[in-house]
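Asker: Here is what each chain is made of, one letter per residue.
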Amino acid sequence: MSEYIRKYFALRKHNAKVALKKAKQRKMCYLFLAPYAILFAMFFVFPVVASIYYSFTYYNILEPPRFVGLQNYISLILEDDIFLTSIKNTFLIAIITGPLGYMLSFLFAWLINELPRWVRSIAVIVFYAPSIAGNCYVIFSVLFRGDAYGHVNALLMDLGIIDTPKLWLIDPNYMLPICMLVILWMSLGTGFLSFVAGLQGVDKSQFEAGYMDGVKNRWQELWFITLPNMKPMLLFGAVMSITQAFSVCDVTMALCGYPSTDYAARTIVTHLFDYGFSRFEMGYACAIATILFLIMILCNKAIQSLLRRVGT
Amino acid sequence: MSKKSKNAKEQVYKKKLITRRKPNRSVAGDIALYIFLVLVALVMVFPIIYAVGSALKPLDELFRFPPTILPQHPTFDNFSDLFVTMGKSWVTFSRYLFNTVFITFVGTLGHLLIASMGAFVLAKYDFPGGKTFFKIVTVAMMFTGYVTQIPNYLILNKLGWIDTYWAIIVPAFASPMGLFLMKQFMEGLPTSLIEAAKIDGANEWQVFRRIVMPNVKPAWMTLIIFSVQGLWNNRASMYIYSEEKKTLVFALQQIQSGGIARTGQGAAVLVVVMIVPIIIFILAESQILETMASSGLKD
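Residue numbers (our numbering), protein chains in the order written: chain W, 223 to 534; chain Y, 319 to 617.
Among the hints, erroneous ones may be present.
[Stated by the list, open to error] In silico lysine-lysine, PhoX-like type, Cα no more than 20 angstroms apart, as pairs:
(1) W:K246 - Y:K516
(2) W:K453 - W:K426
(3) W:K246 - Y:K442
(4) W:K453 - Y:K535
(5) Y:K616 - W:K523
(6) Y:K449 - W:K243
(7) W:K249 - Y:K516
(8) Y:K442 - Y:K453
(9) Y:K616 - Y:K442
(10) Y:K442 - Y:K516
(11) W:K249 - Y:K616
(12) W:K246 - Y:K616
(13) W:K244 - Y:K449
[Said to hold, decoys possible] Quick list of simulated restraints, FRET-style, between CB atoms:
(14) W:G479 - Y:I387: 19 to 29 angstroms
(15) W:A238 - Y:K616: 23 to 33 angstroms
(16) Y:E513 - W:P450: 27 to 37 angstroms
(17) W:W340 - Y:K616: 30 to 40 angstroms
(18) W:A256 - Y:H391: 55 to 65 angstroms
Note that these hints are calculated values from the structure, not bench results.
Note that this is a predicted model, so its numbers are computed, not measured.
Idealized CB from N, CA, C, for every residue including glycine.
Just need the whole structure built from these sequences, with the hints factored in.
Answerer: Put into structure tokens, the structure is as follows:
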């Protein structure tokens with residue numbers, strides 16, 4: 223046993239030596255990477271660690287942080303009903319808009335793939351524009367206005383489906399579905415671009431080979447040839463979709479108000495803002511941030527291992 | 319003569335290409351596909367068209383019943399009203415515009431330089447820690463900026479950068495998305511190019527500046543659009559509180575929340591805010607798509 227341990231350490235030592243030597247040879251690599259690495263550590267790595275640390279404390283900026291153990295998490299889960307609502311809303315939004323937006327991104331990228339070049343580039347602009355149009359989603363609050371001047375109310379009343387105007391953005395029953403609709407409208411984002419570009423790169427001769435081997439229609443082509451070729455882009459798109467799906471807050475805040483009626487449109491991020499920047503309970507807010515962080519990372523890992531199986 | 323015959327030959331070739339249909343495609347399927355795509359495209363652009371339409375509507379048309387979608391007598395009144403309203407505020411419109419342009423420009427430039435330098439060594443050299451670092455960057459793409467917002471505020475506060483432009487600009491330098499896309503694109507660059515430059519006596523910085531950067535111009539555009547999009551729309555309300563340093567988007571949204579009398583101006587605001595990222599995207603589309611082709615996450 224001791225022999226084994228000794229050998230193990232000798233090996234590690236040797237490896238470290240080799241690495242050090244290599245590192246010395248490649249000094250300039252570190253110089254090149256240093257500016258980015260320092261900023262990245264400062265604004266991405268360290269904050270995550272700090273957030274986890276503060277989540278175990280009571281901290282209100284004025285006094286130094288006081289260690290309270292798991293108290294923040296316990297009160298989050300056991301006492302904070304609004305947090306549970308926000309978790310429920312976030313998951314509802316994520317589970318519906320995440321996969322749907324992801325599939326829509328792929329579907330449209332695939333459908334426009336065979337169009338002539340100039341039609342395709344117009345189509346890409348049309349589909350991608352909503353996701354970069356700043357806060358254009360605010361316009362939906364005009365479309366869904368609660369009185370008879372709102373377009374949706376006017377249209378539905380014209381058709382005789384409803385006879386009094388509905389308060390779309392104030393009635394808790396309609397808030398979430400409308401937010402989901404708007405989020406879906408904006409969901410053809412970075413992942414969509416990645417899919418469009420990836421589909422263009424699929425080797426054409428594979429389709430001809432597939433045709434010879436008896437691929438009958440475009441659906442078979444999609445499943446047997448296109449999808450396996452697109453795996454890296456599918457993984458990238460999934461990361462984008464999941465990250466977006468769980469960080470919903472702008473749309474709900476702009477459309478349903480902040481706070482919304484009965485907290486019916488509250489998401490985890492809105493809850494985080496509330497405690498972090500309105501009530502200055504930083505420790506509690508960091509606990510929310512940590513939970514959100516864990517949810518996102520776990521979800522990403524799970525989906526990635528699932529997607530790796532495509533076409534194998 | 320040879321040119322003429324060549325032209326004739328090409329024409330025959332072209333004709334053949336057009337008439338030959340791809341296998342596995344039916345005409346009916348194609349037509350259905352086109353109709354479907356046009357319908358979806360209409361749904362997608364409708365809110366944007368509606369926003370532009372509202373911005374061009376004169377006041378009496380904004381509140382007409384039943385509501386209209388396109389303006390009958392388009393005017394630029396809302397835009398000129400917007401400038402009047404902005405002119406009345408004690409911080410001038412040009413100051414807000416300068417703030418946003420400054421933040422966007424410096425942030426994007428710095429991000430492009432710093433991320434490219436990092437991406438260059440990560441893509442082209444094998445050194446201890448490089449792969450691990452890139453893995454960490456990929457993980458950083460998996461959670462949103464909101465998670466780190468509170469510690470970020472505390473860090474910026476320690477540095478004394480709260481209420482300065484740097485509070486927005488410097489964190490934007492380190493955006494993981496830019497490094498990721500740049501690194502993936504640079505991997506496609508032939509290593510022999512760099513080796514040839516080395517043999518000719520260039521040092522690493524010269525290789526980076528003279529050989530690598532001119533060859534990855536499509537990736538520049540991609541980094542620029544993502545960075546501009548983030549910074550242009552940045553309201554910065556958490557980090558900047560003195561009025562003369564606020565961004566354009568923040569000021570415009572104040573106008574938007576001014577109630578029903580500002581409906582027309584609010585729509586004009588939407589148009590002003592969305593026009594910049596969309597125009598940059600339209601101009602750079604083909605280059606962005608070229609970069610995105612290498613965006614895949616490999617194991």
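Asker: Find the hints from earlier in the document that the structure breaks and name them by number, from lowest to highest.
Answerer: Numbers 4, 11 and 12, in rising order.
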